[in-house]
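**Q** Now for the letters of each chain:
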Amino acid sequence: MNELMPEQFMFLSAALFIIGMVGVLTRRNVLVIFMCVELMLASVNIAFVGFAWEFSQMTGQIFALFVIAIAAAEAVIGLGIIMALTRQRDTVDINEVRELRQ
Amino acid sequence: MAAEVLIFNLLSAVAIVSAVAMITMRNPVHSAIALVLTFVNVAAIFIMLRAEFLAAVQIIVYTGAVLVLILFVLMLVNPDDLPEFHSGKPMQNVFGFGVGLILLAEISVAILTRTVVAEPGPWNEEGVAAAGGNIQVIGQLLYSGYVLPIQATALVLLAATIGALFLGRPDEDQEPSPKRRTVATISLAHTRGADDDLIPALRAANIKREAGDRDLIMARDADEFTTSAEEEEKKGQSE
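Residue numbers (the numbering used here), protein chains in the order written: chain A, -4 to 97; chain B, 655 to 893.
Possibly wrong hints are sitting among the right ones.
Unchecked claim - Using C-beta positions, here's what the derived DEER-type ranges look like:
1. A:Asn90 - B:Pro776: 34 to 42 Å
2. A:Arg84 - B:Glu760: 31 to 39 Å
3. B:Ile816 - A:Glu91: 26 to 34 Å
4. A:Ala79 - B:Ala759: 22 to 30 Å
Hint data in this document are derived by calculation from the structure and do not stem from the laboratory.
This structure is a prediction, so every number in the text was calculated from the model and none was measured.
Glycine included, each C-beta is placed from N, C-alpha and C at the ideal position.
Please work from the sequences and hints to get the whole structure.
**A** As structure tokens, then:
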């Protein structure tokens, strides 16, 4: 294997995505779950950029750019929700938050 | 080139190990630092895949903005020690890792048995170099064919800003006090009787001292030695 194969970045992307998913499913701290979601978004970017590299296209890189912009917006909103949650319930435990109503 | 493959594998290994460290660390601050390490490695992989602009954006946006924001929120929220893997729900962990393994098997089968076939585009190494570089190509394509998505992204970012302001506003029940007050400070160190001369409001309010031998003034509520500005004025006029 002397050449960089597309399977390699696909496996890296899949591994990071699955690690993020396992973190979302197993952790209880809302902030760690939020970080895992960020990791999943970044892992999708690896697949986008990898396919763009493999096929000499730019569309994948442009889509990755949009994903990063949306991830930044999502980070702002998610952290705002976490702040509002901790102000109201004084916890970051996801198991303590069972209801959406006040 | 074997060196390229070696570097890619090294970066991938560090990224995966730090991602695993992120979900296993007990302290959320350690998790955030492990996530920074993962993102830096992903940015290096972007450079290897000829996406230099995206590598810079990755560093600036993810590790520069998002992780700093996460660390700020980590400092603001209550740092309670959650029982994560040690005394949490064991079924939740087993279920999570089981679903992860199943998904890994499925994706592995999909990657190893299928190949994606597509027509190679014009933007190989020579094409990008002829157009002036990675940033130039992205700029040309972005502002010719993707104008509407860029404007939609701008709207999303604007909505996110307004939403963050809305979510971060102070609570309604913490209203400012309606009237200005003059507050008498009570020293607990002076001898009995000396505070009558120190605090005129005490005589005006006709407060009785609590029984006992301690030289303390016991207040029934926090505003007992507090007079409003109007009362202070009225007292001055009557005198």
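**Q** Check each numbered hint from earlier against the structure, then list the numbers of those it violates in ascending order.
**A** Checked against the structure, the hints that fail are numbers 1 and 4, while the rest are satisfied.
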